[in-house]
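Trainee: Fit chains Y and W to the known structure of chain B by using the hints.
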Amino acid sequence: MDIATQAIEGGFADPVFDAQTVFRAVMDAMARPGTLQPLPVFARPPAPLSATAGAIALALCDNDTPLWLDLVLQAPAAVKSWLGFHTGAPLAHTPADAHFALIATPAEMMALDGFSQGTQDYPDRSTTLILQVSDLVSGAPLLLEGPGIETTATIAPAQMPRHFVEQWKQNNQRFPRGVDIILATPEGVACLPRTTRIKTMEA
Amino acid sequence: MYVAVKGGEAAIANAHALLADRRRGDRSVPALRLDQIVEQLALGVDRVMSEGSLYDRELAALAIVQARGDMIEAIFLVRAYRTTLPRFGYTRAIDTGAMLVERRVSATYKDLPGGQLLGPTFDYTHRLLDPELAAGGEVAEPLQRASDADAMPRVSAILAREGLIEPDGDMPQDHIPGDITREPLEFPMARDIRLQALSRGDEGFLLALGYSTQRGYARNHPFVGEVRIGEVELELDVPELPFAVPLGSARVTECQMVNQFKGSTKAPPQFTRGYGLVFGQSERKAMAMALCDRALRATEFGEDVVAAAQDEEFVISHSDNVQATGFVEHLKLPHYVDFQAELDLVRRMRAEHDARENAGKAEEKREAAE
Amino acid sequence: MTAQPTDIATYNFAYLDEQTKRMIRRAILKGIAIPGYQVPFASREMPMPYGWGTGGVQVTASIIGPEDVLKVIDQGADDTTNAVSIRAFFKKVANVAVTTDTAKATIIQTRHRIPEHPLTAGQVLVYQVPIPEPLRFLEPRETETRKMHALEEYGLMHVKLYEDIARHGRIATTYAYPVKVEGRYVMDPSPTPKFDNPKMHRSPALQLFGAGREKRIYALPPFTDVVSLDFEDHPFEVQTFDQPCALCAAENVYLDEVILDDHGGHMFVCSDTDHCEKRREQGHRGHLAPETPPALEKREPAQ
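Protein chains in written order, with the UniProt record's numbering: chain B, 1 to 203; chain Y, 1 to 370; chain W, 1 to 303.
Pulled out of the complex, with its shape left as it was, chain B reads as follows (with noise of 0.2 Å):
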């Protein structure tokens, strides 16, 4: 299939309410860091673009947000175009200018202090993460406490960050500057908006 052809297709097959219930997800997702809101595939990217990136991408993004793209990302022009044809959101031209950052790899990805923290007068015009992991299962757990949270709880998201423990206690201190990460996996997204405080586990 040539690139022309997969910009084109794959996208959401009813617009309005694939765009309401991807959305929906996402904001529940928010609402209750560290829950998996389910979600099936309602948008066929072209990889490495993931299926669940893919469709927040479509549900949020658009010619008003700046989006920046991994490496990985970055390097295939049918996911750019895919993007562009989908949303016709810009490219960002630094990780500063990002309303949404996608990121294909999060494991190499650069620091979390080096995306828009918003400021202290708009603390909202931070960038939001979207990263792709392959579930919350099998990386190093994570105890979370937090607004949303009625005690605790407990996701281990795969191939995170480097030093994520140490970024997101330092993204945490800058409230309410900071950025929030939607992590995108194949069943479904979960949230880590920055007000969640990641406790340390006992060994």
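It should be emphasised that the hints constitute simulated quantities derived from the structure, not laboratory data.
Incorrect hints may have been included.
With the Cβ distance kept under 8 Å, some of the chain W side facing chain B (calculated, not the full set) [as the list claims (entries may be wrong)]:
1) E18
2) K30
3) P140
4) R146
5) F223
6) T224
Some chain W residues well away from chain Y (every beta-carbon gap over 12 Å; in silico) [said to hold, decoys possible]:
7) D68
8) N95
9) A121
10) E144
11) D262
Treat the numbers as computed from the prediction; the structure is a model and nothing was measured.
Heads up, the beta-carbon is just placed ideally off N, CA and C, and yes, glycines get one too.
Mentor: Positioned in the frame of chain B, the structure of chains Y and W alone reads:
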């Protein structure tokens, strides 16, 4: 025994049926057609297009008749429709210098290239009610000299040639004009954003503020450099095409106000500008807008902000009549719950007050008796 | 009207266009991530006036889907005119199932009340907010209040509450009583009576706030700390009523005063009409209740 009132849905439906009946009025009188409104109430249509921010005469006419002639209600109807329309793109900035002018007057020069062109104006009409109009008399064909767009430079350009007026704004090269219908307002705001807000602002509000500057509340010595009304071309850049695509034309009113400025140690003495631009034909609105624009530039010129018309947050936050009417009129919605909360507090405080009062009186009596 | 409507004006499904929904959805996500912070959003004109719930309607329109069941209340009641109107709007433009039953609703849009029936996980409470800025009546300028939030400088609010105490012997704010969220942002709970403030604290439901005219969205995720501002010597307390509901005999609920005649006759009834009806169905009777219990409220099916 008490039975709670119910039936909101039926009451609303009946109220709306009554509204439709009153809107239609006496059925023996022919119903208004939209083309009649477009043709014969054209300035009302223009105002609805301007403050409704949607250039469509037929929709504006529909809104006017649907609103029973209530202009703010009509503007509201148009706004609530326009907001649902998808955005295809932004036209190039219109060139009012190349306007096909129907009216153009300058108060600063007796004569100038292109001349003074009175056009369709109420000016110099004697405001005497016209019984012939009531009788539906025939109207004679007008006489008009053909205007020559090439020979009608803007007055601001004439002054600028001598360097006697400040340059026409200086946005950075890569500045993308904002869009108040797509982004939340943020204070302080850039002039492009402010002008957009003023252009859809309430005519009456801007008129009153502009008037206040003339009466000394932030006086800015205005001269009407020029008011011009006419058709401007609209062009859209399409990425796939090497040229701009003409979309048609729109009728606009532009006012360039020339204001005095003493100059500073850095800037030479020169005039300053106030700018007004609205859809359709509305000199009053364009002129009031230009007065407000100049007043709102106070900080830019290092002037003291001493009057309402200079206060950006005050002016822009309250200029939108759709917002204003909604919030003023929302006071008629039920507030039982809040009122009960206040009622309870006042009753308790009142009881405490009375208790203190009575205790005081009892004390007085006791003392008097002793 | 017998004339055929023309296609001069047509509207999108669910009224808002998809781009607007995306913009609002992004604002909602930021709001959830920064509890109590007011996210600016490019509020649209809605087909009802500003001040009549346009913020709440935009939030609801952006989150609602075909599986949702919507409840709309105004002053706690499902049958007040504006609640009826907004419910009818969503039935018309989103073809969504509606209910008056708090427990059955997935989305509850409200003006001025939180239902008496405890909310549960999975429910979303959408508040209509007129003035989202809790500091607005102390400082009218957005440029100033934004700075105060950024610097966490809330002294002015405490001074105001303290002046109340000095003048009236108590904090004289009875509704829209300011709260502090997760120890950071001071937030306006919308003009709900302070009676409802404790229900916001660590609620299992997601709470979203929409202010259309003022162009702000803010949020409280479930299980978020929401503390009403007070002083050690003047602790926060809610309203109490001297008598139970005259219809269902409920105590510890918020009551409306109904005037019965012009000789001072009045009675107090539940402001939450659904709660009151449910209790009467269960056989609870107040001293002014009618003989027969009200008919069971049925869930209205989608068209």
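Trainee: I'd like to know which numbered hints this structure contradicts. Please list them from smallest to largest.
Mentor: Checked against the structure, the hints that fail are numbers 3 and 10, while the rest are satisfied.
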